[in-house]
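Chain A is already provided as a structure; the job is to place chain B on it using the hints.
Residue numbers (our numbering), protein chains in the order written: chain A, -19 to 180; chain B, -19 to 180.
Calculated directly from the structure, the hints in this document are not laboratory data. Every value quoted in this text rests on a predicted model; they were computed, and no experiment measured them. Accuracy of the hints is not assured; some may be wrong.
It does not matter which identical chain is used: a pair holds within one copy or between any two.
[Stated by the list, open to error] No farther apart than 20 Å at their CA atoms in a straight line, the calculated lysine to any residue pairs in the SDA-like style are these:
hint, residue 1, residue 2
1, Lys42, Glu(-13)
2, Lys135, Gly23
3, Lys93, Leu7
4, Lys42, Gly30
5, Lys42, Ala29
6, Lys42, Ser65
7, Lys42, Asp171
8, Lys93, His116
9, Lys42, Gln147
10, Lys56, Asp167
11, Lys56, Arg3
12, Lys56, Glu170
13, Lys56, Asp171
14, Lys42, Asp167
Spelled out from the first residue to the last, the chains are:
2 protein chains.
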Amino acid sequence: MNTPHIEFWFDFGSPYSHLSAQRIDALARERGVRVIWRAMLLGPIFRNAGWSGSPFQQQPAKLAYMWTDLARQSAKYGLPWTHPSAFPRSSLLPARIATAFCDESWIGQFCAKVFALNFVHDTEIDSVDAMQGVLHDLGLPADTAIARAQTPEIKQALRDRTALGEQRGLFGAPSFLVGDALFWGNDRLEDALDAACDQT
Amino acid sequence: MNTPHIEFWFDFGSPYSHLSAQRIDALARERGVRVIWRAMLLGPIFRNAGWSGSPFQQQPAKLAYMWTDLARQSAKYGLPWTHPSAFPRSSLLPARIATAFCDESWIGQFCAKVFALNFVHDTEIDSVDAMQGVLHDLGLPADTAIARAQTPEIKQALRDRTALGEQRGLFGAPSFLVGDALFWGNDRLEDALDAACDQT
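Next up, chain A with everything else stripped away, as it sits in the complex (with noise of 0.2 Å):
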């Protein structure tokens, strides 16, 4: 395939994985660049690293910082931003669901909307009520979406995802590769989609 292509891999609980997932589409079709979504889960990685939670946790101070970038990050951008009242939130759902339907059509605006759930309407994201409502939002069949999302090949899927993204050298989200050139936060956003460019 030539058309220029940015794979997106993130975790629906990373926050600046957020502010990329709502703006990667715009800036994407700007420079005519496909957008592959990868959803993955931090948590495995961060475990092999030794930590339990967000690398942020490991310093109060870091965390108190992040919460203040985020919201002038938003700002910046011109885009809602509520700080959770839960962080990191468990993504296991939504995530199996962008395992399985991860060439759809409609897997940006999916993966735009549990972010915006998480971080703008600071709701849960990991149950099948919030997920039947993102769904149902799009006109998707919600149960037979959730039930597929839920099997054991899908389940093994976002495993699989998980090492690979790890074996091809993420270590946090978001991230962004062109080829194996390797982007990391949300700051490199547009440095990737550039790379992807000039790839073709």
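Showing chain B alone in chain A's frame:
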């Protein structure tokens, strides 16, 4: 004092602090902002978080990425860059000199030259020889300056400054303080300077 100003907190061993040190004077001048150079030691701060080195060293993949990112960012800024053969380098003596002479007109040039030793010329910086070279380059009385930097008062002043930074919310470097507003990371340098302008 009403001139807009910014505090630039750094460790001479920090590669992202190097990027800011090489950029801050020109960017601040454009905006009419005065830079207050604040050398600190990240070692005690990272030890308080339970780490023995840089947070990047907690994940080998993250450390590998950091070097790629630094080369890319340096190229983007048009700055020379050499992957240092030792990391992180001890920065005690230059930090003491920068503490002793923090209000001198040559402090910015001194700091930029020390960072260049580490990240362009790939040489050790925590040595009397290296510091004599930098101070001589600036036409300064090197031996007197180094002797002053090694007095008990200055050693304590650097410890106190690092502790004060931590009390004010610093957890890494580079960090920028505009009043009590903290901005962390070379990626936030421009935002911090803009905030300094808005503050007047």
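Now for the hints, and whether the structure bears them out:
{"no.": "1", "hint": "Lys42 to Glu(-13)", "in the structure": "between (28 Å within a copy, 18 Å between copies)"}
{"no.": "2", "hint": "Lys135 to Gly23", "in the structure": "within (15 Å within a copy, 42 Å between copies)"}
{"no.": "3", "hint": "Lys93 to Leu7", "in the structure": "within (18 Å within a copy, 38 Å between copies)"}
{"no.": "4", "hint": "Lys42 to Gly30", "in the structure": "both (18 Å within a copy, 14 Å between copies)"}
{"no.": "5", "hint": "Lys42 to Ala29", "in the structure": "both (18 Å within a copy, 10 Å between copies)"}
{"no.": "6", "hint": "Lys42 to Ser65", "in the structure": "within (17 Å within a copy, 28 Å between copies)"}
{"no.": "7", "hint": "Lys42 to Asp171", "in the structure": "between (25 Å within a copy, 18 Å between copies)"}
{"no.": "8", "hint": "Lys93 to His116", "in the structure": "within (12 Å within a copy, 60 Å between copies)"}
{"no.": "9", "hint": "Lys42 to Gln147", "in the structure": "between (27 Å within a copy, 13 Å between copies)"}
{"no.": "10", "hint": "Lys56 to Asp167", "in the structure": "both (12 Å within a copy, 14 Å between copies)"}
{"no.": "11", "hint": "Lys56 to Arg3", "in the structure": "within (12 Å within a copy, 22 Å between copies)"}
{"no.": "12", "hint": "Lys56 to Glu170", "in the structure": "both (15 Å within a copy, 13 Å between copies)"}
{"no.": "13", "hint": "Lys56 to Asp171", "in the structure": "both (18 Å within a copy, 10 Å between copies)"}
{"no.": "14", "hint": "Lys42 to Asp167", "in the structure": "both (17 Å within a copy, 16 Å between copies)"}
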